[in-house]
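Chemist: Work the whole structure out from these sequences, hints included.
The sequence shown begins at 1 in the UniProt record's numbering and counts up by one.
Simulated from the structure, these hints should not be mistaken for laboratory data. Glycine is no exception: its CB is placed at the ideal position from the N, C-alpha and C atoms. Where hints are given, some of them may not hold.
Claimed, not checked - Ranges of calculated distance between the beta carbons of each label pair, as one might list FRET restraints:
| no. | residue 1 | residue 2 | range |
| --- | --- | --- | --- |
| 1 | 3 | 33 | 27 to 35 Å |
| 2 | 34 | 161 | 53 to 61 Å |
| 3 | 86 | 3 | 28 to 36 Å |
| 4 | 275 | 162 | 26 to 34 Å |
| 5 | 191 | 280 | 26 to 34 Å |
| 6 | 327 | 34 | 22 to 30 Å |
| 7 | 445 | 467 | 18 to 26 Å |
| 8 | 471 | 334 | 26 to 34 Å |
| 9 | 457 | 191 | 24 to 32 Å |
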Amino acid sequence: MTALPAGVHELSFTGPPQPADPAPLTVTFTQDGTGREILGFWDGGRNYLARFSPSSAGTWRWRTRSEEPALDGLSGEIEAAEPAGPGPVQVVDTYHFAHADGTPFRPVGTTVYNWIHQEPELRSRTLEAVSDAGFNKLRFMVFPQGGGYVEHVPELMPFERDSAGRWDTSRPVSAYFRQLDDAVMSLAGRGVVADVLLLSAYSADFGLDALTEEEDATYLRYVVARLGAYPNVWWSLCNEFDILGRPVQRWDRLGELLARIDGHQRLRSIHNWVEFFDHNRPWVTHASIQDGASVAEPGRASAYRDAYLKPIVLDEIKYEGDVPLRWGHLSARELVHRFWVATVSGCYASHGESFVKANGSLHMVDGGPFRGMSPARLDFLRRILDALHIAGLDPIDKWDDPEYVAGQARRQYVRYFGRSAPATWTFRLPQGHHGERLEVGDQFQVDIIDTWNMTVLPVERTFTLTEVHRNDAFADGPPLLLPEGEAIALRITRRQ
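Modeler: What follows is the structure in structure tokens.
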């Protein structure tokens, strides 16, 4: 088993061999009057574990509470070192993400729904491929996926069956969930966020889509107890929730439960098919949206920011691949274009690859090495984002900017020309409605970014603002020459 991520402490207990509740204990950790309640869980046999990720160094005292006498009233303490690495990701500045230490996190993720259910060798190759490609978030399902393009049926299933043949969520299969543990910890070792899809309509082939609300809650408590301490975990309550046809109130109750029982308060979302969830719900930390049309052209996706006032992650914008279905045959150039549109819309996006493999499956189903041409270009985009001097990109003048410039007013900007740049560009910046106002005499450095050929060319010229109007500002001098016809962006940085 992969080693626990740095900073995660694990307590071990002995209790009854088959508890009625697979998450039968609560451990309260306290330091200087601050308390955190963490669920503990059954790990097979008479073994019970509780995992805790302290938010600060020093002594944390703990005490258990359980209806199982052998697990109740136990106590002790742990010594926590200073938090290792940048820490878990949180929401910052309304629309963006940062680690606990303040380091910005710009998700450029990918999708491999069924990767944890493959053979170990394929899981290992998938991990290498995702890491080597530079993706920093991976969406995947806890339950196995069935249906089209799924060619591998796993031997392990998450639960035992009861006497009537139904899945019994109170009897989780430890080996199954240890495999899930290992996957999440392996991603943590590569600095990749595990975007854990807790439920899905695509587990119908195995009957795992038909759990009752009570069974959902039992399962949810167990998986949160197992994974919640890992600093790289994000929760997605369901993939394409609307296919399951459940009342919205049921999803709300489950989301509220998730927020209540997660002592580590990892990020939470829910993902749609065609019916949008109301991401204004308090338990939702960021919007996870499927919408291909929103990033086909500029000026669309940014509306989601106003609707939800939260980070927008467009987790499904169609895929690079060759399947005949409309969601699965984007060219690499088109997918990269859509990522850049999402970027200058102040949003984030996720990749997937849907080329049909020799075994009849797709990479986005079972993983392995990437085949497409977009991953390298998306890694380039992520490196461009990580080199920014600002926390995130926000539309500067969303009311009516024909150039859709994003950034932070008077500090740094990104202007994307789309699939085909003009031959020249006259230096222009929109005035922001918020933040600092541009002034005559402000000076800027410009870098020409070729989003497909992955080059950055600094312009050997300083641009000085000579005209500043209510909505626009312009610099003197001749227009900037551009690589006409290429997919070009500009990074425009104010000189201090």
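Chemist: Given the hint of 24 to 32 Å, check if residue 457 and residue 191 actually sit that far apart at their C-beta atoms.
Modeler: Since the Cβ atoms of residue 457 and residue 191 sit about 29 Å apart, the hinted range of 24 to 32 Å holds.
Chemist: Between the beta carbons of residue 445 and residue 467, is the distance compatible with 18 to 26 Å?
Modeler: holds, 19 Å
Chemist: A range of 53 to 61 Å was offered for this pair. Does it hold for the Cβ distance of residue 34 and residue 161?
Modeler: With Cβ atoms ~42 Å apart, the hint is violated.
Chemist: The hint says 26 to 34 Å between residue 471 and residue 334; measuring C-beta to C-beta, is that right?
Modeler: Holds, since residue 471 and residue 334 (Cβ atoms, about 32 Å apart) stay within the stated range.
Chemist: Verify the CB-CB distance for residue 327 and residue 34 against the hinted window 22 to 30 Å.
Modeler: Given about 46 Å between the Cβ atoms, the range is violated.
Chemist: Can you let me know if the beta-carbon spacing of residue 86 and residue 3 is within 28 to 36 Å?
Modeler: violated, 19 Å
Chemist: Could you check the hint for me, namely that residue 275 and residue 162 are 26 to 34 Å apart, CB to CB?
Modeler: holds, 32 Å
Chemist: Check the following: the C-beta atoms of residue 3 and residue 33 are separated by a distance inside 27 to 35 Å.
Modeler: holds, 32 Å
Chemist: Indicate whether the distance between the beta carbons of residue 191 and residue 280 respects the range 26 to 34 Å.
Modeler: Holds, since residue 191 and residue 280 (Cβ atoms, about 31 Å apart) stay within the stated range.
Checked against the numbered hints above, the structure breaks hints 2, 3, 6 and satisfies the rest.
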